[in-house]
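**Student:** The residues making up each chain are set out below.
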Amino acid sequence: MAGQLLITLPTATAEFIPAPESLAGLLATFPIIWSTFIIIVCSGAVASEAGVIADSILSKSVTRYEYILAKFSGRLILVLGLYLIVAIPGGLLLASNADNDMTNAGAIWGIVSVAMMLLLLTSLSVGLSTLFNRTLVALMVVWFLWYVSSGLFALLQLDFLSPLHIVDTLNATLRGDYDTSDQVQIVGVFGLLSAVTITGAIAHFARKDL
Amino acid sequence: MSELVIETERLTKIYTNSYIALNGANMAVPYGSVYGLIGPNGSGKTTTIRLLLGLHTPSAGIAQVFGEVMTPNAVHLRQRIGYLPTNPQFPADMNPITYLEFVGKLFGIPSEMRKPRLAALLRAVGLSSAGSQKIKSLSTGMKTRLGIAASLMNDPDLLIWDEPTAGLDPEGRKYTIQLIHELGRSKTIFVSSHDLGDLEKVCDYIGILSDGKLIFNGPIDNMKQFRQTNVIELEVEGDVDAFCTQLDGIEWERAPGIVRLKLAAREDLGPILLNVMTQLTKSNVKLNGLKAAREEMVDAFIRLMNEERSHGFSQILESVSGNFAARFDEPDTLVGRAYLGTADGGPTADHAADGDG
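From first to last, the protein sequence lines are chains A and B. Residue numbering for the first sequence follows this note's numbering, beginning at 1 and increasing consecutively. Residue numbering for the second sequence follows this note's numbering, beginning at 1 and increasing consecutively.
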């Protein structure tokens, strides 16, 4: 991921690719390409431990809440941490280019909207991992949901929920060509969906037979 | 403090509305006792244990441990429990030292206590030299011993061991039984097995599960009365056919060189044996050896359970109407006989009125 940053930025400078396109390209790799890696890492959070979780951990002095919250927080820190490590320096470096037409507010909204997508993807992956005892099943379900969701939301005329639509509009957002209410809607809805997913998963796991 | 460490009331577990794993079990485990839960595979032993640990939630009824209802988040209760699962699973990449260190941390044991304790436990279970080996490379016996060490890491008041002798060689089984005997002096132990022979000598109380139904719960001495048959095995040579025809009124069966006599447990064996010896002499049969055995207690109980099933429909109606307690006072029922047969009452007899086994 750091390598990606090192490749993207000099290429953008050498070929005079405008800063918004460069940063949009960089950010877009997370929901489009790195999402598979995120799904793999997060879908096994609970499912991969199904055989040993009860014997080794939850038969001891650990509550279900402690266990599942640790899983959520660990994966969220990993995914969002790696994303921000790439996105923030990338944004700052590109913004420092004198010829760029990227606005600061646009850059922040762009980075935040992708972060919210990753927040939902991570929550969904860990949450569904509590439902299944097999990592592969959890992984396939999340992967299917994530990549099918764009088409589904377009059909339902809920474009603001579609990861592909958000990626398509990143370039304009970074230039400052956005409606603030749309950005608030993206952040609010993705945040709400993540909160519902996490709460539902915790409630389910608290009563699950292990 | 409650005198009962474990108490269950009509504890029931039905999985996804399709499989009844445990059916209305009433159990009582007194403080400081060794309680053996016996039953064939699939009878509900592990389900019972998981309910007692809060790893499963009951479909009906309650499980109390240390006088409190066990729930998935009752960590203060689990803090006092040491659990050994059947064929314990461990994080594969850990070694015994890091695993026990991890278990100690889960129990919140301070480092200055954790390190010496894990070292002492590894030594006690004979794993000192394997302390740095990856757990996945350990044998089944070594993994069981590691599980035993992990179950003792928090110095628990109650040990719950699920089939600790499963998969062990005879030496390993002997070691484990001896360990239960020694630990039973200072702790309450709840141990399950499909083989009563393993536990008969170390248990004070016994529960027998069959198809999810607890068909007996009480002192082991009370169970012994249900053994109905003495088997006397005669190793003979000579005219065995002639000898057998003389055994009037005695149930017998033949095997090469062996005649087995099956006698009712409560019969006076003296005159019967005298008659058998007389017939041996008369038939010119040489007696090379003699062995006495009793019917296995579990077999006796399964037989008795089948007898009960034959008039079980009325009991189902009783159960549905909630009239459990009456059965304990009825000498004609299995449970009633078990409890009325208690000479000194005992802790479980006090709880007999709580429900049926």
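Errors might be hidden in some of the hints.
Computed Cβ-Cβ distance ranges for the label pairs, DEER-style [claimed, not checked]:
1) S137/B / N133/A: 22 to 28 Å
2) H204/A / M113/B: 21 to 27 Å
3) G200/A / S137/B: 36 to 42 Å
4) E171/B / V196/A: 29 to 35 Å
5) F37/A / S137/B: 28 to 34 Å
6) K291/B / Y65/A: 57 to 63 Å
7) K291/B / H204/A: 23 to 29 Å
8) T180/A / M113/B: 56 to 62 Å
9) G108/B / A172/A: 15 to 21 Å
10) S18/B / A154/A: 56 to 62 Å
11) L290/B / N133/A: 52 to 58 Å
12) E182/B / G200/A: 44 to 50 Å
13) E3/B / V189/A: 56 to 62 Å
14) T180/A / S137/B: 26 to 32 Å
Partial chain B-side listing against chain A, Cβ under 7 Å, derived [to be verified]:
15) H56
16) S59
17) A60
18) I62
19) V69
20) N73
21) R78
22) Q89
23) F107
24) I109
Derived from the structure by calculation, the hints contain no laboratory data. All of these numbers come straight from a predicted model, not from anything done at the bench. Glycine included, C-beta positions come from ideal geometry on N, C-alpha and C.
**Student:** For every hint, state whether the structure bears it out.
**Tutor:** Here's how the hints hold up against the structure:
In this structure the hint that S137/B and N133/A lie 22 to 28 Å apart at CB holds, the actual value being about 26 Å. A hinted range of 21 to 27 Å for the beta carbons of H204/A and M113/B is inconsistent with their spacing of about 36 Å. For G200/A and S137/B, the Cβ-Cβ distance of about 40 Å falls inside the hinted range of 36 to 42 Å, so the restraint holds. Between E171/B and V196/A the CB atoms are about 56 Å apart, so this pair departs from the stated range of 29 to 35 Å.
A hinted range of 28 to 34 Å holds for the C-beta pair F37/A and S137/B, which are about 31 Å apart. Here the CB-CB span from K291/B to Y65/A is close to 59 Å, well matched to the stated 57 to 63 Å. One distance hint, 23 to 29 Å for the beta-carbon pair K291/B and H204/A, is violated here, with the actual separation near 58 Å. Remark: the range hint 56 to 62 Å for T180/A to M113/B is upheld by a beta-carbon distance near 57 Å.
The given range of 15 to 21 Å is broken by G108/B and A172/A, whose C-beta atoms sit roughly 53 Å from each other. For S18/B and A154/A, the hinted distance range of 56 to 62 Å is not satisfied, since their beta carbons lie about 40 Å from each other. Separation of L290/B from N133/A is about 55 Å and conforms to the stated range, judged on CB atoms against 52 to 58 Å. Between E182/B and G200/A the beta carbons are some 48 Å apart, a value that agrees with the proposed interval 44 to 50 Å.
Between E3/B and V189/A, the C-beta spacing of about 57 Å keeps the proposed range 56 to 62 Å intact. Between T180/A and S137/B the Cβ separation comes to about 60 Å, which falls outside the hinted range of 26 to 32 Å. Against a cut-off of 7 Å between C-beta atoms, the interface hint on H56/B holds, since the closest Cβ of chain A lies about 4 Å away. Given the 7 Å rule on beta carbons, the hint for S59/B is violated: about 10 Å separates it from the nearest Cβ of chain A.
Because the smallest distance between the Cβ of A60/B and any Cβ of chain A comes to about 14 Å, over 7 Å, the interface hint for this residue is violated. A hinted interface residue such as I62/B counts as satisfied when its beta carbon comes closer than 7 Å to some beta carbon of chain A; here the least separation is about 16 Å, so the hint is violated. A least Cβ separation of about 15 Å between V69/B and chain A goes past the 7 Å threshold, and the interface hint is therefore violated. Among the interface hints, the one on N73/B holds; its C-beta lies about 4 Å from the nearest C-beta in chain A, closer than the 7 Å criterion.
For the restraint placing R78/B at the interface with chain A, the shortest Cβ-Cβ distance is roughly 6 Å, inside the 7 Å limit, so the hint holds. The interface hint given for Q89/B is met, as the beta carbon of that residue sits about 4 Å from the closest beta carbon of chain A, less than 7 Å. Among the interface hints, the one on F107/B holds; its C-beta lies about 5 Å from the nearest C-beta in chain A, closer than the 7 Å criterion. At about 10 Å, the closest approach between the beta carbon of I109/B and any beta carbon in chain A exceeds 7 Å, and the interface hint on this residue is violated.
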